[in-house]
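Colleague: Below are the chains, spelled out letter by letter.
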Amino acid sequence: MKPQSMSNLFRYFLLSLSAAIILVPFYWMINTSLKTNAEILRIPPTLFPSEFRFQNFADAIVKAPILTYLLNTVVVALSVVAISTVVSVLAAFAFARLNFRGKQILFIVILGTMMVPQEMLIITNFMTIADLGWMNTWQALIAPYCINAFNIYLLRQTFKQVPDELYLASKVDGVSNFRFLRKIMLPLSKSTIVTVMILSVIWIWDTYAWPSLVTTKDSMRLVSNGLQNAFTNDSGRIQYEIQMAASTLVILPLVFLFLMLKKYIISGMVKGGIKG
Amino acid sequence: MQVRLEQLTKAFESRKKDSVIAVNKLDLTIESGKLIGLLGPSGCGKSTTLFMVAGIHDVTDGKIYFDDRDVTELSADKRGIGLVFQNYALYPHLSVWDNIAFPLLNSKDMKKRLKKQFAEQHSNSPNYKAYINKLVEDAAKLVEITAYLDRKPGELSGGQQQRVAIARAIVKSPSILLMDEPLSNLDARLRIQTRDEIKRIQQQTGITTIMVTHDQEEALAISDEVIVLKDGLLQQQGAPQDVYDNPANQFVAEFISRSQINMVHGKIATNKLYLGQEEWFPLPAPLMDQEVTIGLRYENIKHAMENIERSFTASVTAKARIGGISTVQVRLADGQQITLLNDHDESLRESERLNLVVKPQSILVFNQKGEKILQC
Ligand SMILES: Nc1ncnc2c1ncn2[C@@H]1O[C@H](COP(=O)(O)OP(=O)(O)OP(=O)(O)O)[C@@H](O)[C@H]1O
Ligand SMILES: [Mg+2]
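Protein chains in written order, with the working numbering: chain A, 1 to 276; chain B, 1001 to 1376.
No lab work stands behind these hints, which were simulated from the structure alone. By construction, the Cβ of each residue, glycine as well, lies at the ideal position given by its N, Cα and C atoms. Treat the hints with caution; some may be incorrect.
Unchecked claim - Ranges between beta-carbon positions, derived for each pair:
1. B/Lys1152 / A/Leu70: 40 to 50 Å
2. A/Thr113 / B/Ser1032: 54 to 64 Å
3. B/Lys1078 / A/Ser219: 30 to 40 Å
4. A/Arg11 / B/Asp1109: 52 to 62 Å
5. A/Gln118 / B/Ala1130: 55 to 65 Å
6. B/Gln1204 / A/Thr113: 50 to 60 Å
7. B/Glu1013 / A/Ile83: 31 to 41 Å
8. B/Ala1130 / A/Phe26: 57 to 67 Å
9. B/Lys1116 / A/Asp131: 51 to 61 Å
10. B/Tyr1128 / A/Ile83: 32 to 42 Å
Claimed, not checked - Calculated Cβ distances over 12 Å to all of chain A for the following chain B residues:
11. Leu1283
12. Ser1315
13. Gly1370
Said to hold, decoys possible - Here are some chain B residues the structure puts well away from chain A; computed CB gaps all over 10 Å:
14. Ile1056
15. Ser1095
16. Leu1156
17. Ser1175
18. Met1263
Generate the whole structure from the sequences, applying the supplied hints.
Modeller: In structure tokens:
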């Protein structure tokens, strides 16, 4: 075998391995969601349901207000995507193209927030929200996600790759900054912008600690924290098969979204200079 | 429109203390309607000068006048210039039509101007949209790209892209057209073709044009006037043939001859010029004794049949032929090599002794500072 194909073989092996590691929990979720309650408790666990119980999905929808959770999540996700994309685009444009006093320092400060663990911010954010009397409100769920340092960084890198000359040419032609951003920068950075939007959605979908903290009412829960406690039976035991069925249901839209926009996400990551 | 630079200076602040002086007290006047070649080696400040005229770079010191109007502090979009970049700077996601129309549709001032023009002219166009379309098509026609209006820039060749860039610059009928190395990304054949196109477009429109280039052949071929810069300093300005025949100094002589010039070491002693160590001829006018460099262009050195006035002898060391051009290398008594054209492709033998003369008025004598002290 030639060394070239040897190293390819190795590469595929590594890729398969990491894909497997990522896919196993998914598989287990779907596997569990189709089992009967009795089969779940069996030891050793079965790798494949002995009979499919699709009823679990129906039970999940009936037993917990999944649709409310989903709707809440969609509302929060859309708001966050809308606001944080606008904020990120404008901030990134300023950092990439404009000259103003303190630009470098401000940018470093924003990057610095990426280094601080989210868990640390949660406490101070919580105190702020509580002081504002925002418990159990939409703004409490939305506000902390509106400024996203990573998205600003990713967009700035993409904007910087648009040649200076395009900007100078439009300046000579009397095109305003805002118009240049809209007509030239945004279309040229489409894939990164889609990536940034998707990342925001995923972030909201997965976020757990913050919504649990600022919502106490069931009607304000998101899928992530809503599903956690929804499926305990009378004896106080968690009904995993139904919880997993519910999880499968809420993850589906995300998987669908990802598959639809895969092309953009990958080229967006590559364009931003962050290769996997 | 006439362009006048007065003591124009640009210093770039660098991290370290000393700033780079990219353009140094430039004084020059460019007459209206002329095509000017701004010429010089890499890093001499050509682009910087152009971008100051365009209003993209701030001026460190000095003034820029368009006719009698001081535009030094005016922003780029208010100067009424068209700018063509070295890398074309076309918008890749827009069609050729959209690229050319972009300056017309995306500037408030331009829209106001066009609306007014449209209202005043009662032009043949039935409505404003058709009027814009006509402007775009006229520009496209001028640069001969009407067949590609629907394509994206990525689907065009380099030469075609360059034409689109020129069309975009002239569609708003600027009073001055500025081009930064418009040909440097093209291959040799296309370069000659496109440079002639530029000449034609400039003549048809009559727009005062400044074209930056580091290729003297390009500048000499199409410019009405060339301006030679070195290290941000003006070296010479004049008609191409004049600059070629009468270079102001050693730098210009070497730069403009594209290394087709011999720089021979010599000296002046008791009012006689020495080529190497050999006495050559008496000076027409007295000069101080000094070491000199004598510039002799390949094409100006001729074969003499016999030992006539101002001739010198040298022996053949090598012959070369590149394409249609034959050259001969000869050696002076002190070992210095001189190259000359072998016009008639004569069959010369190695170490054959030749009598050589130099065309009158083409012996260029420079002092140690590179200043020209004599041309005869
Ligand atoms: N933005 C800048 N900051 C600092 N120095 C600069 C900047 N732009 C140009 N310079 C310096 O100014 C000098 C002139 O640059 P300029 O770009 O005008 O040269 P040029 O004649 O156009 O050269 P080329 O033929 O390579 O394009 C160079 O020494 C360059 O390093
Ligand atoms: Mg340049």
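Colleague: Determine for every hint whether it applies to the structure shown.
Modeller: Hints versus structure:
Checking the proposed 40 to 50 Å range against lysine 1152 of chain B and leucine 70 of chain A shows it holds: the Cβ atoms sit about 41 Å from each other. Between threonine 113 of chain A and serine 1032 of chain B the Cβ separation comes to about 57 Å, which falls inside the hinted range of 54 to 64 Å. Range check, lysine 1078 of chain B to serine 219 of chain A: Cβ separation about 58 Å, and the 30 to 40 Å hint is violated. Distance hint check: the CB atoms of arginine 11 of chain A and aspartate 1109 of chain B are about 56 Å apart, consistent with the given range 52 to 62 Å.
Checked against the hint of 55 to 65 Å, the C-beta distance between glutamine 118 of chain A and alanine 1130 of chain B comes to roughly 58 Å, which is consistent with it. Against the hinted window of 50 to 60 Å, the Cβ-Cβ separation of glutamine 1204 of chain B and threonine 113 of chain A comes to about 58 Å, which satisfies the hint. Checked against the hint of 31 to 41 Å, the C-beta distance between glutamate 1013 of chain B and isoleucine 83 of chain A comes to roughly 39 Å, which is consistent with it. Take alanine 1130 of chain B and phenylalanine 26 of chain A: their Cβ atoms lie about 59 Å apart, and the range 57 to 67 Å holds.
Between lysine 1116 of chain B and aspartate 131 of chain A, the C-beta spacing of about 57 Å keeps the proposed range 51 to 61 Å intact. Checked against the hint of 32 to 42 Å, the C-beta distance between tyrosine 1128 of chain B and isoleucine 83 of chain A comes to roughly 38 Å, which is consistent with it. With a minimum CB-CB distance of about 53 Å to chain A, leucine 1283 of chain B clears the 12 Å threshold, and the non-interface call stands. Residue placement check: serine 1315 of chain B keeps its beta carbon more than 12 Å from all beta carbons of chain A (closest about 54 Å).
Here glycine 1370 of chain B stays apart from chain A, with its beta-carbon at least about 35 Å from theirs, past the 12 Å limit. The Cβ of isoleucine 1056 of chain B does not lie farther than 10 Å from every Cβ of chain A; its closest approach is about 5 Å, which violates its non-interface assignment. The Cβ of serine 1095 of chain B lies farther than 10 Å from every Cβ of chain A, with a closest approach of about 12 Å, so its non-interface assignment holds. Its beta-carbon lying about 17 Å from the closest one in chain A, leucine 1156 of chain B satisfies the requirement of being farther than 10 Å from that chain.
Taking the minimum C-beta to C-beta distance to chain A, about 13 Å, the non-interface status of serine 1175 of chain B holds against the 10 Å cut. Residue-level check passed: methionine 1263 of chain B sits 38 Å from the nearest beta carbon of chain A, beyond 10 Å.
Hints 3 and 14 from the list above are not met by this structure, while the remaining hints are.
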